[in-house]
Amino acid sequence: MANNVKGILLTGVGGQGTLLASEVLSEVLMLAGFDVKKSEIHGMSQRGGSVTSHVRWGEKVFSPLIPEGTADILFGFELLETYRSLSMLRKGGAVVVNDLKIAPGPVATGTETYPEDIPGKLKAQVDDVLLVDGMEKAHQAGNYRTVNTVLLGALSNRMEIAEELWHKALEAQVPEKFLQENLKAFALGRKAA
Amino acid sequence: MEKTILSGNEAIARGAYEAGVRVASAYPGTPSTEILENITQYKGIDSSWAPNEKVALEVAIGASFGGARSMATMKHVGLNVAADPLFTLSYIGVRGGLVLVVADDPEMHSSQDEQDSRNYAKFAKVPMLEPSDSDEARLFTRIAYEISEQFDTPVLLRSTTRLSHGKSIVNLDDPVTGLPEPSLKRDPSKLVMLPANARQRHPLVEKRIVDLEKWACDQTFNRVETGESKVGVITSGIAYQYAKEVFPDASVLKLGMVYPLPKQMIRDFAESVDKLYIIEELDPFIEEAVRAMGIEVIGKDLLPVCGELTPERIESALSGKPVDTDYKVKEELPGRPPMLCPGCGHRGLFHTLKQLGAFVTGDIGCYTLAALPPLGAMDSCVCMGAGFSNATGIAKVLPENERQKVVGVMGDSTFLHTGVNSLMDLVYNNSTATAVILDNSATGMTGRQDNPATGYTLKGGDAPAVDLENLCQALGVKHIRVIDPNDLDLTKKALQEMMALAEPSVVIARRVCMLERRGNAERTTPLFVLEDKCVGCRSCLKISCPAIEWREGAGEKGKGQAVVNALLCTGCKVCEQVCNFDAFGEIDGE
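So the protein sequences, as listed, match chains A and B.
For the record, in the first sequence the residue sitting at position 107 is 107 according to this note's numbering, with numbers rising by one throughout.
For the record, in the second sequence the residue sitting at position 202 is 202 according to this note's numbering, with numbers rising by one throughout.
For the record, the hints were derived by calculation from the structure and aren't laboratory data.
One or more hints might be untrue.
What the hints assert, rightly or not - Simulated pairs of lysine to aspartate or glutamate, EDC-like, Cα-Cα distance not exceeding 16 Å: (1) B:K263 x B:E288; (2) B:K542 x A:E68; (3) A:K121 x B:E332; (4) A:K184 x A:E160; (5) A:K123 x B:D379; (6) B:K328 x A:E112; (7) B:K330 x A:E116; (8) B:K330 x A:D117; (9) B:K125 x B:E206; (10) B:K533 x B:E586; (11) B:K125 x B:E213; (12) A:K121 x B:D46; (13) B:K3 x A:D35; (14) A:K91 x B:E288; (15) A:K121 x B:D326; (16) B:K122 x B:D187; (17) B:K533 x B:E576; (18) B:K328 x A:D35; (19) A:K60 x B:E331; (20) B:K405 x B:D379; (21) B:K459 x B:E206; (22) B:K573 x B:D489; (23) A:K6 x A:E160; (24) A:K91 x B:D324; (25) B:K354 x B:D326; (26) B:K573 x B:E586; (27) B:K321 x A:E68.
Small disclaimer: the values here were computed from a predicted structure and weren't measured.
Based on the provided sequences and hints, a complete structural model is requested.
Pasting the structure below:
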C-alpha cells in the first residue's frame, strides 16, 4: 500500500459537528499543498447514530478510505465512538479525543451499559493519547457549539501545519459572525496539549 | 484553472453547469440528494424537486425534446421507478443532451438494497460513465453530454456513496458556449413511440451500441496505466482507487465507460499481462463480459459480491487472510443505532399503534426507525409507496378478526411519491385497512427537503401546497381524521375508531418535523423527572426518546430512575403522557 499517505479518522455521534471539522481539516491540508480526499456517510446514521469521516492526504492520494490499522491519528468527538474505532489506528499513532460521554440508545434505555474508564483503556494500549476537555474550553470561548473547533486546535498539535493556515481554513469554512469565537476556541484547544 | 475541493455530488452539479444544462429535476434520495441542492447555485439552470424519479426523468426528457441539455438525478432504487421512461427513451434518443445520474449505495448505508445500476445500462442499451473521483465526476458529466448528442442517446452517469459523499480536489473549467437555443421542433417518427416507429428505432439502438463500443477504445476516459509488473487489473469507479492501493506495481486498465465495454482495448490489455484481476464493487458486471470474451480472470471467485470494497477487504479476500491490526477492542460494545429526534411526531403515533396491537405495513423514511426496539412498531417495509398497497393485499387474505389490525403507514413525501396510487387502490377496491399519513411537512430522512405538500420549491420559492385531506377525499375516502400525534389520547381514539371501520379510512398525523428549515417546529420548556415520584417502572424508556436516560441505582429503593437531558428535550410531553406516576414536571415548576 502507498506509504507516504497519511490519514485521520474522525469519529463521533450524528449532530456533533464532525462534518464541519472534517471540512476545515480538508481545507487546511489543501492550503498546505497536499492532495486531499475525504469520505463520510450522510443520511440515516445522522439521526444520533455513529458517524465517521476519513481524511487522507499526501502527494497523491488514491483511496479516500483509510485502510484498517493504518490511521495516523484517531480524532474522536465522543469516548465510546473513539474506542469503537481503535483498530483503525496504526502502531505508534496518536489519539486526540474529547472527554465526553454520550449515552447511545441501548445505554439510555438501560438495556446495556456504557463501558467504564475508556480513557484508561485507550492509554493502556496507545502511548500518545491526548484527552481534551472540549466542552469546558468551548464554554470559555463563549459558545459550547465551538467544541469541534477546540478539538481541531488540540489536533493541530499533532500535525505539522502552520497555525496561520489553520486560521485561513477556519475563515473559509466558518460563517463570519461566528469566526472570532471559533478562532478563540481554536487557540484554547491548541494550548490543551 | 481554479482549484477547489468538492464532493462528488457538488462536482456533478458543477459539471452540469459547465456543460450548459438548462433543466435539472430529481427526487431526493441518499446518496444522490446534494446534486440538485448544489445545482440551485447556478442561476441559468431551472432546478426542481419532482414528486418521484419517474416524473423527474420525464421532465428532463421534455426539456431535451425542446432542445435543451437536461439532467435527472436519483438513487439506485429511484431508477427502478424511472425505468419505464428510460427504456423507451433509449429508442427515442435525445434532441438536447440528456444525462441521468444514478447513485448506488454499496453497503446499504442508507438504503433497502444494494442493487448494481450498471445492469440498467446493458438492459436499456444506453452508455454509462463511471467517474473515480470528484474531478472526473465534473469532467465526465461534461463528456456525457457530448456523447449524448453525438450518439443520439441518453447517458447514464453512475456514482456510488463513496464518490458522492467523498471530497477531492477539482479543477474548475469554464462553461461551454454556443449551444443552440431551445425551440419547438416536431419529429413524430422519433418522438412518438408507436409500434411502427419503435420498430424503426430499435435497429438504430443496436447499431449505436456497436458504434459506441468501437469509439470508446480510442477515448481518454478509458486508459491504460502501465506498471512495472506483469499483473494487470481492470477496474472502474471508486474501486479503481482501492486497486491502485492494493496493486501499486500493476498495469491498470481504468474504464471510464462501463457500458459498452471497449472490447478490443480489453483484448489488447489482457494479452499484455500474465495475470488479470477484475476489481469491481457489487456484481461481476465487467467480469462476466470479459469472461464471455474467453479471457481468464480473477474476480468474484475471490472478491465479495455483497457490501462495498475497501483496500483491506480486497487484500484480505485475495490473500485469504483476515485483516490484522495492531490495536484491538476486546470487549463487546453497546451499539449506537440512529433514533427518532426528540419531539418527533412519529414517536407518539408508533407508540400508540403498538399499544393497539396494529400490524403495520410501513414505508421508507425516518419513521422506518420505528421498527427498531424499543418502539418495535413496524412489521414490514418494502419500497416507496408500498405501505398502503401492502396493507390492502394483506387485509384481503386475513380472517375478519385480524383484518382490523392492518394499518399502512407512510410520510407525506412518500405518499405523494407513489403512495397516492396505493391509496387509490385501497379505496377503489374497498379495503378495510387503515391508511396513516405522517404529515411532517418535510422529506425528512434525506435532509428535510421540500415536496409538493410543503408549500415551497427546491429554490425556496412559494408553491401551492397539496391539500392532503382534499386529495384523500377526492380519491373517495369517506372517513378522515386529522390528529396531533403528540396528543396520545386523541391519537388512540382516532386510530381505534378508524381501525374498527369496515371501510377505507385515513388518519393524517400532522406535526412539523423537528428539523424543518423554517423554524416551524415546536419547542417548549424542557421537562424534568420528579425524583420523589419516579418509581423506576421504565415505561418512558419504551418510547425511545434520546432526551430520556436511565440512571442505574437511583431513587429511594435503588431501582433506578429516568432522567431528562434538558439540552435535548423539546418539551413535547409524550413521556409525561405515558407516565402513570405523574413523575414528569416542567422546569418552571408546574
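The hints, checked one at a time:
With a C-alpha separation of about 13 Å, the suggested pair B:K263 and B:E288 falls inside the 16 Å cut-off, and the hint holds. Of the pairs offered as hints, the one joining B:K542 and A:E68 is violated, with about 37 Å between alpha carbons and a cut-off of 16 Å exceeded. Among the hinted pairs, A:K121 with B:E332 is consistent with the structure: their alpha-carbon atoms are about 14 Å apart, no more than 16 Å. With a CA separation close to 20 Å, the supplied pair A:K184 and A:E160 exceeds the 16 Å bound.
Our distance criterion of 16 Å between C-alpha atoms is broken by A:K123 and B:D379, whose separation comes to about 44 Å. This hinted pair does not check out: B:K328 and A:E112 have alpha carbons roughly 21 Å apart, beyond 16 Å. Restraint check for B:K330 and A:E116: the C-alpha separation of about 14 Å stays at or below 16 Å, so the hint holds. For the suggested pair B:K330 and A:D117, the alpha carbons sit about 14 Å apart, so the restraint of at most 16 Å is met.
A threshold of 16 Å between alpha carbons decides the hint, and for B:K125 with B:E206 the separation of about 8 Å falls inside it, so the pair holds. Note on B:K533 and B:E586: the hinted pairing holds, with a Cα-Cα distance of about 14 Å set against a maximum of 16 Å. Between B:K125 and B:E213 the alpha-carbon distance is near 12 Å, which keeps this suggested pair within the 16 Å criterion. About 55 Å separates the Cα atoms of A:K121 and B:D46, which puts this hinted pair outside 16 Å; it is violated.
For a cut-off of 16 Å, the pair hint linking B:K3 to A:D35 stands: about 11 Å separates their Cα positions. Only pairs whose Cα atoms come within 16 Å are accepted, and A:K91 paired with B:E288 is rejected, the gap being roughly 40 Å. Between A:K121 and B:D326 the alpha-carbon distance is near 15 Å, which keeps this suggested pair within the 16 Å criterion. Among the hinted pairs, B:K122 with B:D187 is inconsistent with the structure: their alpha-carbon atoms are about 27 Å apart, more than 16 Å.
Of the supplied pair hints, the one linking B:K533 and B:E576 holds, its CA atoms being roughly 12 Å apart against a limit of 16 Å. The straight-line distance between the Cα atoms of B:K328 and A:D35 is roughly 30 Å, outside the 16 Å bound, and the hint therefore fails. At most 16 Å may separate the alpha-carbon atoms for a hinted pair to count; A:K60 and B:E331 exceed this at roughly 37 Å. The hinted pair formed by B:K405 and B:D379 meets the criterion: a straight-line CA distance of about 12 Å does not exceed 16 Å.
Our distance criterion of 16 Å between C-alpha atoms is broken by B:K459 and B:E206, whose separation comes to about 40 Å. A threshold of 16 Å between alpha carbons decides the hint, and for B:K573 with B:D489 the separation of about 12 Å falls inside it, so the pair holds. Pair hint A:K6 plus A:E160 holds up; C-alpha atoms about 12 Å apart against a cutoff of 16 Å. Restraint check: the Cα-Cα separation between A:K91 and B:D324 comes to about 12 Å, which is no more than 16 Å; the hinted pair holds.
Between B:K354 and B:D326 the CA atoms are separated by roughly 46 Å; this puts the pair beyond 16 Å, and the hint is violated. Taken as a hint, the B:K573 and B:E586 pair is honoured in the structure, with Cα atoms around 9 Å apart against an allowance of 16 Å. Between the alpha carbons of B:K321 and A:E68 the distance comes to roughly 14 Å, so the proposed pair stays at or under 16 Å and holds.
In summary, the structure is inconsistent with hints 2, 4, 5, 6, 12, 14, 16, 18, 19, 21, 25 from the numbered list given earlier, while agreeing with the others.
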